[in-house]
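Chains as they are written, first to last, in the working numbering: chain A, 5 to 316; chain B, 730 to 985.
Treat the hints as calculated values from the structure; they're not laboratory data.
Quantities reported herein were computed from a predicted structural model and do not represent experimental measurements.
Here a beta-carbon is modelled for each residue, glycine too, at the ideal position from N, C-alpha and C.
Quick partial rundown of chain A residues pointing at chain B, CB under 10 angstroms, derived from the structure: (1) F28; (2) G31; (3) G55; (4) V64; (5) S69; (6) I75; (7) G76; (8) A223; (9) N272; (10) V274; (11) N275.
Spelled out, the chains give:
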Amino acid sequence: MSRLSVSLPGLNMKNPILPASGCFGFGKEYAKWYDLSLLGGITIKAATLEGRFGNPTPRVAETESGMLNAIGLQNPGVINILENELPALEPYNIPILANIAGSTEEEYIEVTRQISASPLVSAVELNISCPNVKEGGIQFGTHYKSAADLTRQVKQVSEKPVYVKLSPNVSNIVEMAQAVEAAGADGLSMINTLIGMKLDWRTGKPILANKTGGLSGPAIKPVAIRMIYEVSQKVSLPIIGMGGVSTAEDVLEMMSAGASAVAVGTANFVNPYVCPEIIEKLPDLLDEIGVRNISEMTGRSFRQWKTPLSSR
Amino acid sequence: MKKHLLRITSNTEIARNIFEMKLTGSGVSLMTAPGQFLHVSVGKDSSNLLRRPLSICDVDLDREEATLLYRAQGDGTKQLSQKNNGEMVDVLGPLGNGFNLDTVDQNKNALLIGGGIGVPPLYYLGKQLKSSGVQVTFILGYQSKEDSFYVEKFQEIGETIVTTVDGSQGQKGFVTDAMEPCLEDEPVIYSVGPGVMLKAVEERAGGLDGYLSLEERMGCGIGACFACVCPTETRQSGYVKICSDGPVFKMGEVVL
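All chains should be built: construct the whole structure from the sequences, respecting the hints.
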């Protein structure tokens, strides 16, 4: 066990870094830039039952220290992913977190049943927080009862641990987290994007064809930190933290808030090498604060240390 | 695939809000295919997060110098326009697939049609076509005389027809208004510009062979984020990614 390794249900990771769903395709594009086996894991782009084309373009717009996207869950469908995309990741021998989406409960259940049966999939991430599709997605993630019901049903068919990806677009994220915990979730991923909008001041019209989109990037990091901090103290589930992480310092901040692993999203677009660069820097930062194993960082913001940090 | 730090050797306004930036560094030696682009980091901090896809206008392989032309329109490109000589620019690339030069034989003609900030890649393309013995004609469309750029440089390569929307330079109208007489000897068409222009060019070309280079807002620039897709009826997937499958497509391949 190395000092960077972390262990979460279904995910034994040699370091806590994995790309976030939707920001890394199915991995093959980034495999042209670096050896993916350096990563702690990979979250693949959301799978739906049938292939989806997604939303009209423009699908992205830059905002201050962030970006809006409204891709619309474009993907080739679960069968195609199982046959063509997942096998390409096998040689890297790292845990794969498969993101699952759907328009109906039945679709979520069927996609989970198929994808969780793959020996290449280590865990599934239930996407009940996509803000960019008309049906499904965030509809399941903004009502406690529907989130819990869906979690329960997906758990019944899943052969792998289930992480529920929470939306920040709710009035009380702690209650949402508690609801899916009670329904049997094995872990949480948080946060998905915040719903936002950008207009062209000349025309008055939205930049995105979908009009609204999901805000990501450094702008949302404080929101993610706060939500992880609140939720991690109220549930006993491990959390994969995400939202605006772009540096190794951000990773340790997010783990201090309560995350056990950290996903990097938008930063991959800014710098394709960001994940391996973060991983390389983490040991130096741990040395700087006198921490041996990175797993000790989780929940440091509220957890009492056995020995005060200052005397280490 | 590579990330490079290139040094600015010049960055000057050559027409209204149009800047010519010359960059030098070892990465330039890879930029051999006209039609490819660089994904350029524009800001100093995270306020302008996303890279800007800028097409390569010219490359001097001996001097290891690449030329980019861009319009300083939003915050990001305005920041880029304020960078000084000697500053470093972080670029990914060259990305995407360039124009297919093999389609046009030595004794054939090529008609290169560009609109606005779509004009730049036609320069590098025109130079390469000419050096392989192809007779090159350009139709370049601008809003007005104040917006036009590089016209004399294009004239050094081949016949150059300029159109402006307000008629202040060349013919009044759009690039498509100038196409008709150029189609008689059935040239291979290469065109870059906004989607509406490309659609009009494709319609006017009436089945001639040609290539179109598409513009779109991009995220990653390498095919992972699915921001810059375009529908197609010729591939099973039903779409292409402009950044990694394109930005150049055969005429008729994508639904404009």
